[in-house]
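Trainee: Start from the sequences, fold in the hints, and give me the full structure.
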Amino acid sequence: MTLQPTSVAPVRSSLNARTGLLRRGLRLVGVSGLLALAAVPAVHAQGAGDRASSPAQALFTRVNTLIQQQYGGLSTVDRAALAREYQARLDAVCAADGPDCPESRAYPVVTAQLTALGDDHSFFMTPDDLKDFVARATGGTRRQFGVRLATLDGENRVVTEVVPGSAADTAGLKRGDLLLTLDGKPYTYAALRAARDSGAGITLGLTRLGQPLTLTLASTESSTQELPQVQYVPAPTPTSPQAEVAVLRIPTFLTGGGVAQRVHDLVGEAQTRGAAGMIVDLRGDPGGSLSECDSSVSAFVPTVIRLARSAGGNSRTVVSRGTRLDDGMPSGGVRRPRLWTGPLAVLVDRGSASCSEFFAFEVQYAGRGPIIGENTAGVGNTATRVFEAGQGGLQLTILNYAKPDGTPYPQNVTPNQTFTQGEAQLRNLTLGRDELLDAGLQALRTAPVLSSDPYSQQP
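When we follow our numbering, the leftmost residue of the sequence shown carries the number 32, and every step to the right adds one.
Treat the hints as calculated values from the structure; they're not laboratory data. Check the hints yourself; a few may be wrong.
Said to hold, decoys possible - Pairwise CB distance ranges (calculated):
#1 Gln273 x Gly463: 27 to 33 angstroms
#2 Thr449 x Ser482: 38 to 44 angstroms
#3 Pro267 x Val108: 23 to 29 angstroms
#4 Thr449 x Arg120: 40 to 46 angstroms
#5 Pro133 x Leu481: 57 to 63 angstroms
Ideal Cβ placement from N, Cα and C applies to all residues, glycine included.
Mentor: Structure (structure tokens):
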């Protein structure tokens, strides 16, 4: 199994993800689907000699074969020397078991080796982590509440997102809710996770806009798919008192497909409705399919061009009118493409990662509108692929990106307008005020517009 080009970065706490990935931080760019893994010859790590094979050794060999043959990142570490060093560590770990050394003994060894590689985009996933990853990448199902939380007072307790149709949505949870108690006891995120895993019904005590409220809910086995949504907020002006702005929320590009189509459809809806401006909210978006991201950003930027650089050479991507071409071959597209020509602003934070960073950078590079918020996660210049490795998976950087003139993509996006989002802003959110959104609305007043829609000249 191979997942096509990806990348990775910290995500906000989410009860849609297993704790392993929460601790690791999921960073994904360009996961376009599950494909058969190309044959990679099995070779022992240098220095392995004729030592007895074992499940642990087989995993270690697999990981190092991939590192030697597939790595296309920016690390300058001597990978052969690294393999020899960690082979010695594995030998020590497995000395007492010999050919019976279980695969799990190699997990901490390869994890440490990948840390030493010095590429935050590359890491090993345990079998449980891989299972969760595949569910997210393919739009599968899992037991979840369907809510994302941010940390306040030492616990993940502020609701930042509720997945439409989820258990949390059905129970009535809203963005900005502040969780205080669980079954009459002081709220802890650990207790909420345990309730999610067990499926037991719980009672949450919370405040909404400062007022106390009690809700009951239970986790359910439900779809992992999270598609973009739009809401309209008033933005009156002296000449247009009824004006409103479309706020397009893209929570992830990793949903098994459909994100780009949804973005173009919602842009079309906003145009038909006569929205005066558009804000794209990428806060906490951990990334996903680069193809989905590229086709999505083409709803705002007429043409995107980039080079993908790997050990095997360069390829050229051109994205226009919702269609993505890799070296002239179609690799993604949408029906009824739209192009937003009005004022545009993009909101980001430290949780905006991988291909959401690509999205923000393309908007910024094209001068289409200001990026507002915090420096992004810092994985916006490479792509990774997930390979099977034993019972687990290896996410490995295989590409790095540049513009046609050779200018490399930045590791993270530096906003045009910096806006710190700390505890004070989070407390204001629990009282109904989204300060970063307010900054975006203000920025639209001077944001640039496109003079014409080049798509309208095409049949």
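Trainee: To test your reading of the hints: which numbers does this structure violate?
Mentor: 1, 2, 3
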